[in-house]
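K.L.:
The lines below spell out each chain.
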Amino acid sequence: MKLLQPGRITEMSGLTGMGMTRLGLGLLAEPSQRAPVVVLDVKGWLSPVAAWEMGVDSSRLVIVRCSDPQLWPQVAAALIDGVQAVYAEVPAGVRDQHLRRLAALARARRTGVALRPLGDALPSGVAHLRLRAREVRWEGAERGHGQLRRRYLVVEASGRGVAGMTRTIEMVDDGTDVMRVVSEAVAEERQPARVAG
Amino acid sequence: MWYPKLLPKSGSQPASPVDRSADVRWFETVVEVIEDLVPRVEVAEPGLAYVPVGGAVRYYGGEQVLAEKIAGAIPPGALLGLADGPFAARQAAERAEEHDPLIVEDTASFLRDLEIDALGPSELAETFRWLGVTTLGSLAQLPREAVASRFGVEGLSAHRLAAGEDRVPQPRPIPPEYAVESVHHEDPLEMAEQVAFLTRSLAARLLGRLARDGISPFRVMVEVEAADGTVRQRTWRSTDPFTEHALAERVWWQVRAWIDTPGGIPGGVVRLRLDPSDLSGEGRQLALLEPVERDGETTWQEVAIDRHDAERALSRAQALVGPDAVLQAVPRGGRMPHEQVEWYPWGDQPPDVASDAPWPGKIPPPSPALATSKPPPIEVEWDGGMPVRIRLGTRWETVLSWSGPWRMVGRWWEGEGPADRYQIVTSVGAVLCVVKDGRTYLAGVYD
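Chains as they are written, first to last, in the numbering used here: chain A, 0 to 196; chain B, 541 to 987.
If we strip away everything but chain A, and leave its shape as in the complex, we get (with noise of 0.2 angstroms):
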């Protein structure tokens, strides 16, 4: 399963600290070995070293500043209009119109987009993967001893990427550039649709 494709949003939602910001940033290594890429900051926060220890080229990552509400849905048009591959927290109060619109932009210039609303979820029919985190997990640290080495991180993924079942898939990371995936299940089968006869 190919978290960003092109032309596609992916939604990477959960509580901030439990490793979507990582895992977003994992998905601009690839497409930087070929062109620039960008990522919109709302916060500020974002730090470049999470993103090269995940295989991001330095010298082809943009990181673009914009809290303003008003103005991201301006940035973010600009972005995806010219830019292979882009990672963007939204904002909150951005309006469900300006959502379809980029993603119906990303189709057309084929751009491979994944949003991190820090508000509501994004609205149906926008995203092509969701990707939800459940459950996170830290080795290394102890009763003050030892140092975070290793995050077990449990994603759903839901949506059209995945023909509409839902998986749940156990990630790895352990600060190198690879977030190797160490388990894939179908957690909810679909179940015979009941009929009253």
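Counterexamples of contact, computed for chain B against chain A with all Cβ distances above 12 angstroms:
hint	residue
1	V593
2	Q604
3	P615
4	R652
5	D657
6	R684
7	E726
8	A732
9	R745
10	P806
11	G807
12	A959
In silico lysine-lysine, DSSO-like type, Cα no more than 27 angstroms apart, as pairs:
hint	chain 1	residue 1	chain 2	residue 2
13	A	K42	B	K976
14	A	K42	B	K902
15	B	K914	A	K42
16	B	K914	B	K976
17	B	K609	B	K545
18	B	K902	B	K914
19	B	K902	B	K976
These aren't lab readings, by the way, just hints derived from the structure by calculation.
Idealized CB from N, CA, C, for every residue including glycine.
Following the hints, put chain B in place on chain A, whose structure we already have.
P.N.:
For chain B alone, kept in the frame of chain A given last:
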């Protein structure tokens, strides 16, 4: 025509990104001297000008005579090269001696023996060298399709140059509405800052107008009219289509040079016009093959990749949010995540910083994806020096594990006290905290 004192060799590092107005001012006097002999000189950089000599050679009776005439007229220090096309001419100039212009008879065989570094300081040239392709001749011998599919537009362009096929401007009519002009007859611009602002906005207007049609210029003529009616013109050219940043910079250098030369722009600027030529839509060519994964299989599909689209997109974003908000970064040494980053505005040269020195006490990877240089306070409950609960947003989370304290001694000579760092893990993730003077601050989130 090349002045090494103003501009490094094409195979070496580019000139430092300083204001080059002074160089342009001096070079403008040189260009004016050449224009007395040969019209339509095109400036590429301060220190590098191209002179189309076709008609002048016939007029003066030979290339050698013309080259000697130019060399005799301009200030010492210049190197002259004559060849077919700007790329070969520049290479010839770099190999010429002062007072001894290098006139290339057979451009293809001249290029064949040049080192691959002649393509300029790029990763591409390094990759070719690593692959054993050390001369332009050996590159030209490779099949063009193979080079294009492996190295993209950049590779294709390098292959063309190596084969002696420099870009030939497309003879196409240019609609007059492409030119942009700003007129100030009633209130001439006399302040340099006003003119500087105008150059930037005109450059953005010009490239925005062309971008709508998917084209960009390789050549732009700058024309200024002074309040007394004097009109000055100069054409600038670029190897790649102009970006907004590059064009605005060159227009400003040029106008500044005219302002500062004796006579200047009497009475101020009443009209500034940018006239594009040698337009190209080559950025939008469908020329690249990309792997596309479909149903678990990888197929190769022709997709549109525009190397100039990204620059235009970033230029537009820069116009919306300002140059300080469109950034790139290079790694540097430091203990905290925010200290390990040297930011610079997109479009500038990357700063030269050392990043390979050891930094004892550095936060080890995986690094927090969110980090700040101005950590806000965060509430943490402590029990005997051990974190028990941490407030994340509106909720309190129980601390599951932690590492630290890791002592960090600040710049004590500047009055900065020591601080302790903690990595704190909860059921919803991990954060990096700093405890200083009894207060806890949030320095990063392992999101």
